[in-house]
Amino acid sequence: MNNFLRSVVGKLWITILLLVSFVLFIVTVLLLEFLGNYHSEAVEETLNREAATIARIFNDHAELENSLAIMEDILGPQTNAVIAEVPKEASYYIHDGLNGNALREKILNEKAFQKVFETDETVMKEMLLPSLTEEDRMEPYIVLASPLQTGEQVHGTVFIYQSLEVMDQTAERTTNIVFLSAFIAFLLTTFFAFFLSTRITLPLRKMREGAFELAKGKFDTKVAATSSDEIGQLAVAFNQMGQQLKHHVEVINQDKEQLSSILTSMADAVITFNQDRTILLSNPPAEKLLEQWLLKRGMESGEPLPSEMIHMLEHVLDFEEEIEEELEMEGAYYAISFSPLYSGDSIRGAVAVLHNMTEQHKLEKLREDFIANVSHELRTPIAMLQGYSEALLDDVGASEEERREMTKIIYEESQRMGRLVTDLLNLARMESGHMRLYKEPVQLNGVIERMTLKFLPIAKEKGIELSFQTELDDWAAAELDEDRIEQVMTNLIDNAIRHTLEGGQVVVKVSMEQGYARISINDTGVGIPEEDLQYVFERFYKADKARTLGKGGTGLGLAIASSIINAHGGKIYAESKVGEGTSFIFLLPLLKM
Numbered sequence: 001m002n003n004f005l006r007s008v009v010g011k012l013w014i015t016i017l018l019l020v021s022f023v024l025f026i027v028t029v030l031l032l033e034f035l036g037n038y039h040s041e042a043v044e045e046t047l048n049r050e051a052a053t054i055a056r057i058f059n060d061h062a063e064l065e066n067s068l069a070i071m072e073d074i075l076g077p078q079t080n081a082v083i084a085e086v087p088k089e090a091s092y093y094i095h096d097g098l099n100g101n102a103l104r105e106k107i108l109n110e111k112a113f114q115k116v117f118e119t120d121e122t123v124m125k126e127m128l129l130p131s132l133t134e135e136d137r138m139e140p141y142i143v144l145a146s147p148l149q150t151g152e153q154v155h156g157t158v159f160i161y162q163s164l165e166v167m168d169q170t171a172e173r174t175t176n177i178v179f180l181s182a183f184i185a186f187l188l189t190t191f192f193a194f195f196l197s198t199r200i201t202l203p204l205r206k207m208r209e210g211a212f213e214l215a216k217g218k219f220d221t222k223v224a225a226t227s228s229d230e231i232g233q234l235a236v237a238f239n240q241m242g243q244q245l246k247h248h249v250e251v252i253n254q255d256k257e258q259l260s261s262i263l264t265s266m267a268d269a270v271i272t273f274n275q276d277r278t279i280l281l282s283n284p285p286a287e288k289l290l291e292q293w294l295l296k297r298g299m300e301s302g303e304p305l306p307s308e309m310i311h312m313l314e315h316v317l318d319f320e321e322e323i324e325e326e327l328e329m330e331g332a333y334y335a336i337s338f339s340p341l342y343s344g345d346s347i348r349g350a351v352a353v354l355h356n357m358t359e360q361h362k363l364e365k366l367r368e369d370f371i372a373n374v375s376h377e378l379r380t381p382i383a384m385l386q387g388y389s390e391a392l393l394d395d396v397g398a399s400e401e402e403r404r405e406m407t408k409i410i411y412e413e414s415q416r417m418g419r420l421v422t423d424l425l426n427l428a429r430m431e432s433g434h435m436r437l438y439k440e441p442v443q444l445n446g447v448i449e450r451m452t453l454k455f456l457p458i459a460k461e462k463g464i465e466l467s468f469q470t471e472l473d474d475w476a477a478a479e480l481d482e483d484r485i486e487q488v489m490t491n492l493i494d495n496a497i498r499h500t501l502e503g504g505q506v507v508v509k510v511s512m513e514q515g516y517a518r519i520s521i522n523d524t525g526v527g528i529p530e531e532d533l534q535y536v537f538e539r540f541y542k543a544d545k546a547r548t549l550g551k552g553g554t555g556l557g558l559a560i561a562s563s564i565i566n567a568h569g570g571k572i573y574a575e576s577k578v579g580e581g582t583s584f585i586f587l588l589p590l591l592k593m
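The numbers in this note's numbering rise by one with no breaks, and the one at position 59 of the sequence shown is 59.
These are calculated hints, taken from the structure and not from any lab test. Just so you know, these numbers come straight off a predicted model, no measurement behind them. Built from N, CA and C at the ideal position, the CB exists for glycine as well. Some hints could be false.
Only pairs whose alpha carbons sit at most 30 Å apart, straight line, appear in this in silico DSSO-like list of lysine-lysine [to be verified]: (1) 125 x 222; (2) 246 x 11; (3) 216 x 365; (4) 216 x 256; (5) 296 x 365; (6) 460 x 577; (7) 577 x 509; (8) 509 x 296; (9) 296 x 454; (10) 408 x 509; (11) 577 x 592; (12) 216 x 246.
Label-pair ranges, simulated between beta-carbon atoms [stated by the list, open to error]: (13) 387 x 267: 32 to 42 Å; (14) 324 x 259: 33 to 43 Å; (15) 475 x 438: 37 to 47 Å; (16) 326 x 255: 47 to 57 Å.
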């Protein structure tokens, strides 16, 4: 019932019912008022006319009995009369009934009628008198008192009275008609409301169901336009709205996917913040960065961002200004750009773009180190070449042997400069991808053993034991550029011998590791500090910073070796403990037999 009253049909039904009831109430009140006034005027006119008729009868007939008989025939059954002679010594009545004496006595003694006897004026009054039809019952009457006269002589007074129950009966009949009309109006209103339900509210309910389907994301939902009126036009507009919503949602989804793809493919970290400083959105690089920061700072800190970024975020949200800074945070360098996000005229958050500048800083440092190292490496031979050349030009050498020694030094330093330039060119060619490899399948054990045993005389000369060990089968083969791999082995074995003291050992070992040949060059030399291990394959890097041991090369050998191994699809790394020795290991893919 509550659902019905809250529906359009229920509201329409109640509205029409109330409107009809209000109209019927106003009509009833006005009708009863009109009927009451009309009946009162009609009764008054009738009584005056009957009083005049009685007066003429008295004037026309000398005998009283004849006059009374005529008057009884003229007066209707609802009208009674009392004729009182002057000075009220005798009275006559017409249409008597129960309580007639008491009624006449009350009329004759009414003070309002006394002036009829005194002034000969007609008086009319409503009175509550005993009923002529029921015992012990009072009912309203209208009484007319009019003088009886012949010419100018007054013979008495006629009192004509009539019950007002006729008016009450009329009002009752009118009320019954109104209630009947209200009942008929109720039925018609109910029928009309349910008729409207099928003609008006049924399409509206269909559109409501369609709207719920649209709210669920079913934008293909359509409603039938069964008419050409406003409801039919509403159905057409509803279907057009569904099509437009589908189009706009598709466009929004495309833009969202495009934006998501852009954010996902960006190398820079992008973080969007709410007004309350919480993170709203972040792309994968940002999520990885936040995870790294959280692990470094510890889970108990509760702050996913470094304090420097928090200060920048608060400044942007408070002052609505863009900020661009380059900061060092958590051991890395970032170029950070903060911009406010607006919703209308109010700021709703901020977006931060973080570009990792760590590699650029490393490259810049590497460039500076490269320039410094090249300058350092070239300064000594150039200075020696210049010095000894000037000595020869100035004929400083006293003997032929001294001049020959100077010439030898100039030659050796020029060779050293040549090797340095050649290594730089080879390294540049390798790193630019222009290095060409001439790969051929080779039996790995024999190749590595030959490259190792080539250094036996040098090792014996320095009192170092050099040995070769293998765990590979004799048929194990790899496809490689033998000259390039020999260049790697030469560099690693030479380094191991140069950094191993007399009486030490250098062991070259070949084994298998997950489909790769594992070649390790192990020595018992002085070792490399742990903090230097990650830099040993960089250009010009030397663990011996002072370069006082007399064993320093150009600093490019390991960088060249790393490039060669990477070009073969392998991997190279180092393991070392200071005072115990160093192991350089590289992996080469084996051929599948």
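Right, here's what the structure says about each hint:
Distance restraint check for residue 125 and residue 222: the Cα-Cα separation of roughly 77 Å exceeds the 30 Å cut-off, and the hinted pair is therefore not satisfied. Using a Cα cut-off of 30 Å, the hinted pair residue 246 and residue 11 is violated, with the two alpha carbons roughly 34 Å apart. A hinted pair counts as satisfied when its Cα atoms are at most 30 Å apart, and residue 216 with residue 365 does not qualify at roughly 58 Å. Of the pairs offered as hints, the one joining residue 216 and residue 256 holds, with about 20 Å between alpha carbons and a cut-off of 30 Å not exceeded.
Between residue 296 and residue 365, the direct Cα distance comes to roughly 25 Å. Compliance with the 30 Å bound is thereby established for this hinted pair. Proximity of residue 460 to residue 577 is assessed by CA-CA distance (about 25 Å); at most 30 Å being required, the pair is judged to hold. For the hint pairing residue 577 with residue 509, the CA-to-CA distance comes to about 19 Å; that is within 30 Å, so the pair holds. The hinted pair formed by residue 509 and residue 296 fails the criterion: a straight-line CA distance of about 39 Å is larger than 30 Å.
At roughly 49 Å between alpha-carbon atoms, residue 296 and residue 454 are farther apart than 30 Å, so this suggested pair is violated. Our distance criterion of 30 Å between C-alpha atoms is broken by residue 408 and residue 509, whose separation comes to about 39 Å. The straight-line distance between the Cα atoms of residue 577 and residue 592 is roughly 35 Å, outside the 30 Å bound, and the hint therefore fails. Taking the CA atoms of residue 216 and residue 246, the gap is near 12 Å; set against the 30 Å cutoff, the hint holds.
Distance hint check: the CB atoms of residue 387 and residue 267 are about 51 Å apart, inconsistent with the given range 32 to 42 Å. For residue 324 paired with residue 259, a C-beta distance near 22 Å fails the hint of 33 to 43 Å. Separated by about 23 Å at the C-beta atoms, residue 475 and residue 438 break the suggested range of 37 to 47 Å. Roughly 32 Å separates the CB atoms of residue 326 and residue 255, a value that falls outside the hinted 47 to 57 Å.
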